[in-house]
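A.B. asks: All chains should be modelled from the sequences, with the hints used to inform the complete structure.
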Amino acid sequence: AQKVTQAQTEISVVEKEDVTLDCVYETRDTTYYLFWYKQPPSGELVFLIRRNSFDEQNEISGRYSWNFQKSTSSFNFTITASQVVDSAVYFCALRMTGSYQLTFGKGTKLSVIP
Amino acid sequence: GAGVSQTPSNKVTEKGKYVELRCDPISGHTALYWYRQSLGQGPEFLIYFQGTGAADDSGLPNDRFFAVRPEGSVSTLKIQRTERGDSAVYLCASSSGQGSTGELFFGEGSRLTVL
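Those protein sequences? They're chains X and Z, same order as listed. Note that my numbering numbers the first sequence so that position 6 is 6, with each residue one more than the last. Position in the second sequence (first residue = 1) + 114 = my numbering.
Hints were generated in silico from the structure; no laboratory data involved. One should not assume that every hint holds.
With a straight-line Cα cutoff of 16 Å, these simulated EDC-like cross-link-like pairs (lysine to aspartate or glutamate) come out [stated by the list, open to error]:
no., chain 1, residue 1, chain 2, residue 2
1, Z, Lys129, Z, Glu185
2, Z, Lys125, Z, Asp200
3, X, Lys109, X, Glu44
4, X, Lys106, X, Asp22
5, X, Lys106, Z, Glu158
6, X, Lys70, X, Glu26
7, X, Lys3, Z, Glu158
8, X, Lys3, X, Asp29
9, X, Lys38, Z, Glu222
10, Z, Lys192, Z, Asp171
11, X, Lys38, Z, Glu217
12, X, Lys3, X, Asp22
Covered stretches of chain X, going by a simulated chain Z footprint (3 or more residues, C-beta under 8 Å) [to be verified]:
no., region
13, 38-50
14, 62-71
Given the structure is predicted, the values throughout are model-derived calculations rather than measurements. Every residue gets a Cβ at the ideal spot worked out from N, C-alpha and C, and that includes glycine.
C.D. replies: Structure below.
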């Protein structure tokens, strides 16, 4: 069985601060995919990133960066210089190779205060 | 629009009634998924279609839930004899190919409230 834990239920930061959202996963499989999705108030989940378990390179996309550490089963997400538009619920998810099911964490609600 | 469309956006029904929720995926997407999201929780997988067939329905909670996709495009999630515990947001997603990349495009969901 697989599990995704997002220990931070809610985080509030002041605009322009950096913030890191934590994600820890559990799986017995050696190959898998990790994801982050953003869910704004409209409710539509927006894909942010996919990471293959073979690829431990960190990734940066604009103000977003992801730190994948297989040794600690973590896939953390950092937003640099946060903006009000970043306010949303962020979900980390896991998918086994050969499966089409995404297992989501419970999400972290991020509020960026102007 | 070009995104995944779900109707109705809100549905209020009474316990014991039958409901249908519709999903219109992105044109050309062969893979379609239904997820259910309860308040304060992450989405939970219900069913996955590849074309017209349900390739994986292991997430359906019981036999009151059923989904179809007769022409490989629009899908309908059907819930019989609704219970209060069925109240949730039902999310539909689609992807191209066989969804192996996991890059799902989600709709805004149908919020179901069972009184």
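A.B. asks: Next, verify each hint and record whether it holds.
C.D. replies: These are the hints, each one checked on the structure:
no. : hint                     : verdict
1   : Lys129(Z) with Glu185(Z) : 31 Å, violated
2   : Lys125(Z) with Asp200(Z) : 12 Å, holds
3   : Lys109(X) with Glu44(X)  : 15 Å, holds
4   : Lys106(X) with Asp22(X)  : 12 Å, holds
5   : Lys106(X) with Glu158(Z) : 10 Å, holds
6   : Lys70(X) with Glu26(X)   : 11 Å, holds
7   : Lys3(X) with Glu158(Z)   : 12 Å, holds
8   : Lys3(X) with Asp29(X)    : 12 Å, holds
9   : Lys38(X) with Glu222(Z)  : 12 Å, holds
10  : Lys192(Z) with Asp171(Z) : 13 Å, holds
11  : Lys38(X) with Glu217(Z)  : 13 Å, holds
12  : Lys3(X) with Asp22(X)    : 14 Å, holds
13  : 38-50                    : holds (count 7)
14  : 62-71                    : violated (count 0)
When each numbered hint is compared with the structure, violations occur for hints 1 and 14.
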